[in-house]
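All chains, full assembly: derive it from the sequences and hints.
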Amino acid sequence: MVGNGRRHTRTYSLYNQIEKVKKAKMKKLLFAVPMLAAVFFSCSKKDDAAPAVSGVYVLTEGNFSETDSSAIAFYNASTQTVDWNYYKTVNGTKLGNGANDLKQYGGKMYCTVSGKDTATLSDSYVLVIDVATCKLLSKISFASGTRAYQPRFVAFNGNKAYVSCYNGMVCRIDTSSLQIDATVQTDGVLEGIAASGNKLYVANSDNYTLPSTNNSSVSVIDIATFKKTGQISVGFSPIKVAAGSGFVFVASAGNYDDIAASVSVISSATDVVAKTIDANISWFTAGADAVYATGYDGTGSFIKSYNVTTGEGTSFITDGTTPSNIYAATVNPSNGDVYVANAGYAAGKDLVYVFSSAGKLKFQFATSKAPQNCVFLNL
Numbered sequence: 001m002v003g004n005g006r007r008h009t010r011t012y013s014l015y016n017q018i019e020k021v022k023k024a025k026m027k028k029l030l031f032a033v034p035m036l037a038a039v040f041f042s043c044s045k046k047d048d049a050a051p052a053v054s055g056v057y058v059l060t061e062g063n064f065s066e067t068d069s070s071a072i073a074f075y076n077a078s079t080q081t082v083d084w085n086y087y088k089t090v091n092g093t094k095l096g097n098g099a100n101d102l103k104q105y106g107g108k109m110y111c112t113v114s115g116k117d118t119a120t121l122s123d124s125y126v127l128v129i130d131v132a133t134c135k136l137l138s139k140i141s142f143a144s145g146t147r148a149y150q151p152r153f154v155a156f157n158g159n160k161a162y163v164s165c166y167n168g169m170v171c172r173i174d175t176s177s178l179q180i181d182a183t184v185q186t187d188g189v190l191e192g193i194a195a196s197g198n199k200l201y202v203a204n205s206d207n208y209t210l211p212s213t214n215n216s217s218v219s220v221i222d223i224a225t226f227k228k229t230g231q232i233s234v235g236f237s238p239i240k241v242a243a244g245s246g247f248v249f250v251a252s253a254g255n256y257d258d259i260a261a262s263v264s265v266i267s268s269a270t271d272v273v274a275k276t277i278d279a280n281i282s283w284f285t286a287g288a289d290a291v292y293a294t295g296y297d298g299t300g301s302f303i304k305s306y307n308v309t310t311g312e313g314t315s316f317i318t319d320g321t322t323p324s325n326i327y328a329a330t331v332n333p334s335n336g337d338v339y340v341a342n343a344g345y346a347a348g349k350d351l352v353y354v355f356s357s358a359g360k361l362k363f364q365f366a367t368s369k370a371p372q373n374c375v376f377l378n379l
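No gaps in the numbering here: position 372 of the sequence shown is 372 in the numbering used here, and each next residue is one more.
Some hints could be false.
[Claimed, not checked] Below, simulated DMTMM-like cross-link-like pairs (lysine to aspartate or glutamate); rule was C-alpha separation at most 20 Å, straight line:
{"#": "1", "residue 1": "Lys-116", "residue 2": "Glu-66"}
{"#": "2", "residue 1": "Lys-160", "residue 2": "Asp-174"}
{"#": "3", "residue 1": "Lys-116", "residue 2": "Asp-68"}
{"#": "4", "residue 1": "Lys-108", "residue 2": "Asp-130"}
{"#": "5", "residue 1": "Lys-88", "residue 2": "Glu-66"}
{"#": "6", "residue 1": "Lys-139", "residue 2": "Asp-181"}
{"#": "7", "residue 1": "Lys-228", "residue 2": "Asp-271"}
{"#": "8", "residue 1": "Lys-199", "residue 2": "Asp-181"}
{"#": "9", "residue 1": "Lys-139", "residue 2": "Asp-123"}
{"#": "10", "residue 1": "Lys-135", "residue 2": "Asp-83"}
{"#": "11", "residue 1": "Lys-94", "residue 2": "Asp-130"}
{"#": "12", "residue 1": "Lys-228", "residue 2": "Asp-187"}
{"#": "13", "residue 1": "Lys-199", "residue 2": "Asp-187"}
For the record, the hints were derived by calculation from the structure and aren't laboratory data.
Here it is as structure tokens:
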């Protein structure tokens with residue numbers, strides 16, 4: 001969520017992030033290591049006839065200082081037009097405050113809505129949305145008693161969705177009944193979550209409104225028993241978690257001052273940190289042939305691609321296009337196109353750039369504030 005003041009290391013305004021990175025003189029990304037080749041998915045042959053993309057849903061976080069500014073936009077590929085608030089157009093109601101994650105699983109999209117720092121019970125929920133129509137299927141409350149759980153990120157395994165929450169819980173949603181059927185407490189303030197094999201990995205992060213001494217670790221949860229089985233030390237304030245090919249990547253934000261950002265590479269076989277990389281990464285996304293990382297260095301924002309076979313890292317954009325504030329990226333699994341979200345802090349100025357897998361700009365479209373994850377509607 002883009003905001004005007006410090007909320008959480010993950011949800012600073014992009015302006016504040018860049019300025020603090022410059023002041024701290026963060027080191028440039030040092031990510032071109034052979035280790036990376038084994039971390040994410042191995043290369044796979046692409047289908048000769050990839051399904052055509054008829055539309056793209058884009059989660060826009062909005063501005064934290066505004067009420068109900070989060071939205072789901074929709075880019076119509078046939079008309080090349082964008083409805084910046086498509087979810088409201090279809091359902092007649094706003095998305096809410098503090099939407100943080102949007103992911104597809106089967107024919108459904110799951111959108112986490114956290115609310116603001118002092119979220120009320122009604123501000124905290126997960127929306128389950130039909131991918132084909134964008135119609136709301138279920139609004140799952142993430143609150144009980146007097147406490148809002150504040151859901152953050154979602155991961156999937158089998159017929160379950162797993163949601164990390166600020167109150168330290170991971171909530172398990174049955175993807176058929178669309179109800180929470182179990183919870184587990186990690187004793188942290190949670191951010192990113194990923195599934196690898198039969199385990200979940202969830203980041204215990206730093207949050208100034210919800211103080212916790214457990215702010216530099218990843219909790220391990222056994223999926224079969226849905227119990228916490230371990231904890232792995234990583235950098236200060238881990239925010240993003242991604243998994244693939246037997247490894248788990250954890251991006252830690254540091255404190256934008258005297259504790260540097262870093263990336264921890266964890267072996268999911270041993271639950272031991274195999275490698276720590278000095279890098280200020282804010283987003284991971286994986287394609288069939290490359291891993292894409294976005295982040296900040298002393299000169300501004302960047303996106304780099306890493307070949308999963310050779311581990312070689314290069315600047316992803318090859319045609320001179322220069323997005324000014326790269327925030328996130330999503331790979332379209334049907335054709336390998338990379339959708340790079342650029343945040344300009346104002347409706348109509350925030351853009352999604354669509355690049356081929358070769359890093360050449362194909363087209364772009366405007367969204368409302370702070371675009372991030374994309375979900376693709378294929379014919």
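*Any hints this thing doesn't respect? Which numbers, in order?*
Of the numbered hints given earlier, the structure breaks none, since each of them holds.
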